[in-house]
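Enquirer: Read off the chains here:
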Amino acid sequence: MKNISPDIKKFIKLPDVKKRVIKLSDKTIKTTQTANLFLADVGDFFLFLFRTTIEAFSREFEFQEFLRQCYQIGNKTLPLISVTGIVIGLVLTIQSRPVLVDFGAVSMLPGMVAVSIIREMGPVVTGLICAGRIGSGMGAELGSMKVTEQIDAMEVSSTNPIRFLVVTRVLAATLMIPLLVLYADALGIMGSWAGANIKGDVPFVLFFSQAFRYIGFMDLLPAVIKTFFFGAAIGFVGCYKGYTAGRGTESVGKAATSAVVLSSLLVIIIDLIAVQITDML
Amino acid sequence: MTNMVITETVTPENIKIEKEVIKIDNLRKGFDNEGILKNLSLKLFDGENLVVLGKSGSGKSVLIKCIVRLLTPDQGTINVFGENVNGLNNNDLADMRKKIGFLFQSGALYDSMTIKQNLEFPLRRIHKNLSRKEIDKKVEETLENVGLADTLNKMPSQLSGGMRKRASLARTIVVDPMIMLYDEPTTGLDPVTSDEISSLINDIQKKYKTSSIVITHDIECARATADRIIMLDDGEVYMEGTIKDFEKSADALISSFFKKQK
Ligand SMILES: Nc1ncnc2c1ncn2[C@@H]1O[C@H](COP(=O)(O)OP(=O)(O)O)[C@@H](O)[C@H]1O
Ligand SMILES: [Mg+2]
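Chains as they are written, first to last, in our numbering: chain A, 1 to 281; chain B, 1 to 262.
For the record, the hints were derived by calculation from the structure and aren't laboratory data.
Any given hint might turn out to be false.
[As the list claims (entries may be wrong)] Label pairs and their calculated CB-CB ranges:
id, chain 1, residue 1, chain 2, residue 2, range
1, B, 111, A, 102, 37 to 45 Å
2, B, 150, A, 56, 39 to 47 Å
3, B, 56, A, 49, 49 to 57 Å
4, B, 111, A, 244, 18 to 26 Å
5, B, 112, A, 108, 19 to 27 Å
6, A, 228, B, 176, 20 to 28 Å
7, A, 28, B, 30, 50 to 58 Å
Built from N, CA and C at the ideal position, the CB exists for glycine as well.
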């Protein structure tokens, strides 16, 4: 398009309006092309999702690879999640305490902190950490397997790479991330207890009975359910970005980065949807 | 071996040599409106080493990836053992792939597995009824054949380039393929290691009675391994013959290809 318009301008003296029309049509074509590419990407995404789902229900399940992935997910994220969990509990407690003191409601401190950790902070922060750590890890791993022809090698040696690489990783993330969230929740409440002990002396048992008085089944259940979706989204996006990486080495880095961006975004969006649904119940 | 084809006496062996295991007709394959392979036909005969020469980017890798259907041709047919590759359903395709060994250009060793696990991986999946003991024995034997007996428990990243090539060669032959496809087996290796790989290719041909396509732009490797050579240019077969035919050729493209590497 760029080549054509200057030529036309040379031969015919176009009035301003016409020039603008040409510019506009140029722009329209470009936008359409971008939109087409975007739609093609979306199409690829759902096609990949479809293939993965079909393979997930195949009879041959790569159990060993699944276990290896579960171990790797835990191994990669446990230290970071432990520290973050404790700090969140600690900080939430220290920050909320003065306000509650002003209202004369310090006795509600454990319950309030526990509810916000279990309903929101635990799942979302763990989800985002996993998006960064696991999403990028899977994106980079599968991306480099793609670029160095390892996925092709698998395919020619009677192994379905989607079944072996993708299904196992998605399922491992779907199982492990809820567990990691529960672990982060537990540490968060411990951290909160530690925070409460900075000013004043609160016995452990008292703190916990206070905390759990405010937590109902309906706090826990939706929070746990959404973490399964976090896990599935993180695992799937990481695999999708890695598996569909381009051909050069630089596409490995791209796959990892865009896996983090998209999976973090999905965690936030799923959280938003989950909150809306829980609110309606 | 090519000599035997030319001196056509009618003995049973000669007839067997002429049997074609791969037959490609009018293959066409492109990406993004750009033709890479344009009208390519070739045959691979039973027991021979066919070397395919061509500049980089001329579509050599695309050609052999079409043979195992890692890529689907736009037009043309590919027959392997008389069966049209693109007409196969998934099960038949898997069966067909079991007969073909593919040595990837980058080696494609699985970097999360040890060398032993790398070899076990295809072996377990292709020969499903082997016992633990048989698998171990086969893996050790094959590694010994390529001179890597002591790397059993090493990771691919711990090996040198030449050792990695040999390890991936071992992974390819461990399942006893009938056809071998080598994608630039000596590229990026020093001359000594290249020669070792070339003689390994010849050993494999003799020992396992394979028919092979060796893709390369390394003339020394072609010299060492070729029964017959095909040169690709612009998506078509440019010239076909023995190494002698090529060395004698006065054609500008061919002689520049051969001179540069002397
Ligand atoms: N999967 C692919 N997608 C797009 N282009 C490809 C793909 N595979 C190969 N090509 C292109 O086809 C051409 C030939 O590639 P290739 O067969 O790898 O060359 P070579 O002869 O060096 O092995 C190159 O220009 C490459 O960019
Ligand atoms: Mg190549």
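Enquirer: Are the hints correct? Go through all of them and say.
Expert: Status of each hint after checking the structure:
no.	hint	in the structure
1	B/111 with A/102: 37 to 45 Å	violated, 58 Å
2	B/150 with A/56: 39 to 47 Å	holds, 40 Å
3	B/56 with A/49: 49 to 57 Å	violated, 36 Å
4	B/111 with A/244: 18 to 26 Å	holds, 20 Å
5	B/112 with A/108: 19 to 27 Å	violated, 50 Å
6	A/228 with B/176: 20 to 28 Å	violated, 44 Å
7	A/28 with B/30: 50 to 58 Å	violated, 29 Å
When the structure is compared with the earlier hints, violations turn up for hints 1, 3, 5, 6, 7 and for no others.
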